Amino acid sequence: MRRVLIVEDSNAVRTFVRGALEDEDFQRAVGGFDVIEAASGFEAMAQFPRGTFACIVTDINMGDINGLEIVNFVRKSEAHRLTPIVIISTQSSERDIARGLALGASAYLTKPFSAEALQACVRSFVAPDEG
Amino acid sequence: MADMVRAHARDLRRATDTGKRVEYLAFTLGSQIYAVPIQHIAEILKPPPVTEIPRAPRNVVGIISVRGKLVTVIDLRRRFGLIEAPFDRSTRILLSDTGDDEPIGLLVDEVIQVYRLSEQEIEPAAALGGDQPAYILGIGRQDDVLLVLLELKSLIES
Amino acid sequence: MADFGFESSDRKEEFFSEAQEIVDALGKLLLDVEVTVAESRVDPDVINEMFRAVHTLKGIAGLFGATRMSGMSHELENILDDVRMGRLDLTAAVLDLLFRAVDLYTHILLFERGDAPDPEHQIAALLSSFARVTQPDEAPTSNIFTQFDLDPGLFGVLTEYEEHRLKSNIESGLALFRLRVRFSLMVLDSALEDLKKKAKPLGEIITYLPAPSTDESDFENLELDILMASKCPTSLIETTLSIEGLVVNPVLRRVGGAPPPKHGPPKSNTPLPKIGGAPSMPPPTIAGPPRLPRDLIPDSVATPAPSRKSSRPGSRHSLTPAGGAGQAAQFVGKSAAQTTVRVDIRKLDRLMTILGELAIVRSAVGRLAERFRGSVEHRELGGDLHRLHRTFERHLGQMQNGILEVRMVQLGPVFDKLQRGLRAISREYSRPVNLVITGQETEIDKLIVEELSDPLMHMVRNAFDHGIEDLEDRIKVGKPEVGTVALNAFQKGNHVVIEVEDDGRGMDPKLIIASAIRKGVITESESGEMSARDAYRLVFVPGFSTKAVVTDLSGRGVGLDVVKTNISRLGGIVDITSDVGIGTKMTITLPVTLAIINVLIVELAGRSFAIPLASVEEAFVYEPARTRNVEGREVLSLRGQSLPICNLLKLLHLNTFDDEGRKYYVVTVAVGIRRLGLLVDRLEGQQDIVIKPLGRSLKAVRGFSGAAELGDQRVALVIDVAAIVEEVLAGDQGRYLAIAGDGRG
Chain A
499 MRRVLIVEDS
509 NAVRTFVRGA
519 LEDEDFQRAV
529 GGFDVIEAAS
539 GFEAMAQFPR
549 GTFACIVTDI
559 NMGDINGLEI
569 VNFVRKSEAH
579 RLTPIVIIST
589 QSSERDIARG
599 LALGASAYLT
609 KPFSAEALQA
619 CVRSFVAPDE
629 G
Chain B
7 MADMVRAHAR
17 DLRRATDTGK
27 RVEYLAFTLG
37 SQIYAVPIQH
47 IAEILKPPPV
57 TEIPRAPRNV
67 VGIISVRGKL
77 VTVIDLRRRF
87 GLIEAPFDRS
97 TRILLSDTGD
107 DEPIGLLVDE
117 VIQVYRLSEQ
127 EIEPAAALGG
137 DQPAYILGIG
147 RQDDVLLVLL
157 ELKSLIES
Chain C
24 MADFGFESSD
34 RKEEFFSEAQ
44 EIVDALGKLL
54 LDVEVTVAES
64 RVDPDVINEM
74 FRAVHTLKGI
84 AGLFGATRMS
94 GMSHELENIL
104 DDVRMGRLDL
114 TAAVLDLLFR
124 AVDLYTHILL
134 FERGDAPDPE
144 HQIAALLSSF
154 ARVTQPDEAP
164 TSNIFTQFDL
174 DPGLFGVLTE
184 YEEHRLKSNI
194 ESGLALFRLR
204 VRFSLMVLDS
214 ALEDLKKKAK
224 PLGEIITYLP
234 APSTDESDFE
244 NLELDILMAS
254 KCPTSLIETT
264 LSIEGLVVNP
274 VLRRVGGAPP
284 PKHGPPKSNT
294 PLPKIGGAPS
304 MPPPTIAGPP
314 RLPRDLIPDS
324 VATPAPSRKS
334 SRPGSRHSLT
344 PAGGAGQAAQ
354 FVGKSAAQTT
364 VRVDIRKLDR
374 LMTILGELAI
384 VRSAVGRLAE
394 RFRGSVEHRE
404 LGGDLHRLHR
414 TFERHLGQMQ
424 NGILEVRMVQ
434 LGPVFDKLQR
444 GLRAISREYS
454 RPVNLVITGQ
464 ETEIDKLIVE
474 ELSDPLMHMV
484 RNAFDHGIED
494 LEDRIKVGKP
504 EVGTVALNAF
514 QKGNHVVIEV
524 EDDGRGMDPK
534 LIIASAIRKG
544 VITESESGEM
554 SARDAYRLVF
564 VPGFSTKAVV
574 TDLSGRGVGL
584 DVVKTNISRL
594 GGIVDITSDV
604 GIGTKMTITL
614 PVTLAIINVL
624 IVELAGRSFA
634 IPLASVEEAF
644 VYEPARTRNV
654 EGREVLSLRG
664 QSLPICNLLK
674 LLHLNTFDDE
684 GRKYYVVTVA
694 VGIRRLGLLV
704 DRLEGQQDIV
714 IKPLGRSLKA
724 VRGFSGAAEL
734 GDQRVALVID
744 VAAIVEEVLA
754 GDQGRYLAIA
764 GDGRG
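Protein chains in written order, with the working numbering: chain A, 499 to 629; chain B, 7 to 164; chain C, 24 to 768.
If you're looking for bench data, these hints aren't it; they were derived computationally from the structure. On a predicted model such as this, the values are computed, not experimentally measured, just so you know. Possibly wrong hints are sitting among the right ones.
Restraint ranges, calculated between C-beta atoms of paired labels, are given here [to be verified]: (1) C:E62 / B:R64: 49 to 55 Å; (2) B:V120 / C:E380: 44 to 50 Å; (3) B:R64 / C:V388: 38 to 44 Å; (4) A:A615 / C:A154: 27 to 33 Å.
All C-beta atoms, glycine included, are put in the ideal place defined by N, C-alpha and C.
So here's chain A without its partners, still in its complex pose:
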């Protein structure tokens, strides 16, 4: 089973993102994947050696290891460097979003975003026909 990683320190946002990604119709449309959660950069770091991901959705403003560092790490990792990364952040951190893209993030969504917008974004990376 393919897997998508969510890195986000807010429980509610994680729940929301998981809900949107696990939506039955959406799962059917993109060919199915498991959603793995990480509540911090460190939890994400613990996930990386354990397998690959079809897509990574990450917040930027997190304590300790921030989202930019995750993007940087992933792009430098032999096993993960090709994994699409979607940044989710608020508009006010425009500069941080720009940095994320500069580091190699694939796309971004500004909070608040709709479930459809997230689905459309993730779909563009994990849809079976585009693989």
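Use these hints to put chains B and C onto chain A, whose structure you have.
Below, chains B and C without anything else, positioned relative to chain A:
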């Protein structure tokens, strides 16, 4: 204004209670009527078979299974130093719900009714004078009925 | 927003609870800040925490359509951003506004729940006050970083806030340091907590950068590159943090403040030391982001112009020199399959609970089938049902094994950790030691593994400290110069056995007994009765230590008693065998799993109890004529061996009617090498049960490892055999001599 707000920040919980009537579930133990805030009661159960626990604290009647979960049952009669009474048709177990804590079953003689008490109808424990145990919230009065209002969290923990 | 069906109210609840939690925390932080403002020592971390709280509120409010909340949060976020970036002073007026905002948040949440009127006007009033206090001065930012010999790629991963903190620390004259540490993922949380606590008085940690791993199959460790600002010298940072393998490097100030190179991959101008001398890696080729869907990116940010080109990925392959694996690299555990999933063990517990319910249904169906088969008119139906029941039973069994398998993990990582620990103390005391490990592939329940590393570490240290002799002593008796500690694990039936063995001086029962008498643990007259095994057990008594010179290693007199307590909490037992001059072996015997167990249901004074079958050797009818009384304990002769008998009725203080003339059964239970006969009234049969823990208010009750449903709402207590055996045979100090070991008398 700012002072008021600060007090509020220190105790957000209290502010949500003011001006509202609070519902209490009343029950009897012997001849006395007690009541607990109904929001802390998840369920009223007819007693299922209770498994006693050897060498458990005296207040513990035993454990029961509620939909696959084990719940420890406390005899409120023993808790308050009353003589134990045998189970009868009106005996009930109140299942507590105090948020994060694990649910506890409280064995009571009989459940009577729900009272909606306003602040004016409650005399806080502090006003009663003397050393009141922490689990006594106060005394409620309505239509000549006196209710001993209990605070579940400290009742269970003490 | 998409319709999430029945779950959406759950999600809304998640929103309310998180939002309220954050608002409460914000209120507390604000009170803290108010105090620090008065004493003018505001902690930037607290301000940042407030900013992040509001930031999160804004984010979740937006997702859940709480527009009042997201609107206000947006403004509040701007203010707090200005404060944390040093653009706005935290005056009394600003503080008052923040307090008002916290108050208003609670109101807004009540409104969103439908419990309060719309606070529209209050919000408008507050926002207009916001506008009045916020006039940040836009000071031009000079590039202060050029003074430092800092890797330009580093800036690409700093958030705006981190960059600001870096700047303000430099401006207040602090020096910068790069710290390289390697943490085991298993203990990451506590290691990090520890690091933060120790680092706090030294200065400020700007950020943690996960270092690109040289070994991507390394599941165990995370290497971090930490950027820290501090006034302290390197050596003080090193000694204060005192982390094994830590490397601290000051970031040098440039002479003349030359700007950093702006193009091309800079030379390694931040020479970090090579740790462990691992060979340098070829520069990885980094492809750009795989696909960039342009249509998803609005024009304003679609083509971001990074301030420094060199921060683009690929222009510089690493923040740190390649081959930065720590000194412990050679101790890294074996790689495992890449296709693993992490599962919360609670989810497995839930599955186990459901399985338990299914097992109850299964036995009900079985009874029904038997009833039908016994009746004349339904015999055929009964036969069909019986066959179905058998199939059901088989599949259920497979499923149970499958779930149990998922809970199992190898002991390897624990052993690796022990190896690192032993290596560290061996170096510290300059006493070489060999460690031989066998059976690291042995599997055991994950819950048990998590509790195992501390007690095992104690035992390994104990072997090193008390077991292995000094070099001269070893040479004198003709042993190999370097001592050996062996860790062996293997499965034995439903148990896992772990041995910690050393080839040291061994334990002399006479010396142990003498020491125990000296310490007042036992009396002289009691000591006369003691066998070697009784003597070994003395080392598990709290406060007992056999070594004359107490070192600061394991011989502090605490340790082995804690080991015993921890192991018995897991349903296991510790035993010691030793030969003077040859060595000592400590053996831990543990159940393979804690989740589902096959039990013998017995009746005692009208109540049902469950005894784990893994600990049951046999059951037979009790014959009083075959028992003798030895030192106040009833002992039964069984095939030439003595079996101590325990009357559970008395031990558990159960009330019963007159027990004259009752027929008893003896259930022989064994844990490790100890056996005990339990007297019960009746044997009811075997059953698979899902064991559930007793509630917190029953934590102090000894003798039961939990309870299980038997069906028909009946709940039976599960006897904690290890605890009962322990209580009866070893007991506490006062009853020490009540032991009636096997083969005695």
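Structure-based check of all given hints:
Separation of E62 of chain C from R64 of chain B is about 51 Å and conforms to the stated range, judged on CB atoms against 49 to 55 Å. For the hinted restraint 44 to 50 Å between V120 of chain B and E380 of chain C, the CB-CB distance of approximately 33 Å leaves it violated. A hinted range of 38 to 44 Å for the beta carbons of R64 of chain B and V388 of chain C is consistent with their spacing of about 41 Å. A C-beta distance of roughly 31 Å is found between A615 of chain A and A154 of chain C, which places it inside the suggested range of 27 to 33 Å.
Comparing the model with each numbered hint stated earlier shows that hint 2 is the single one that does not hold.
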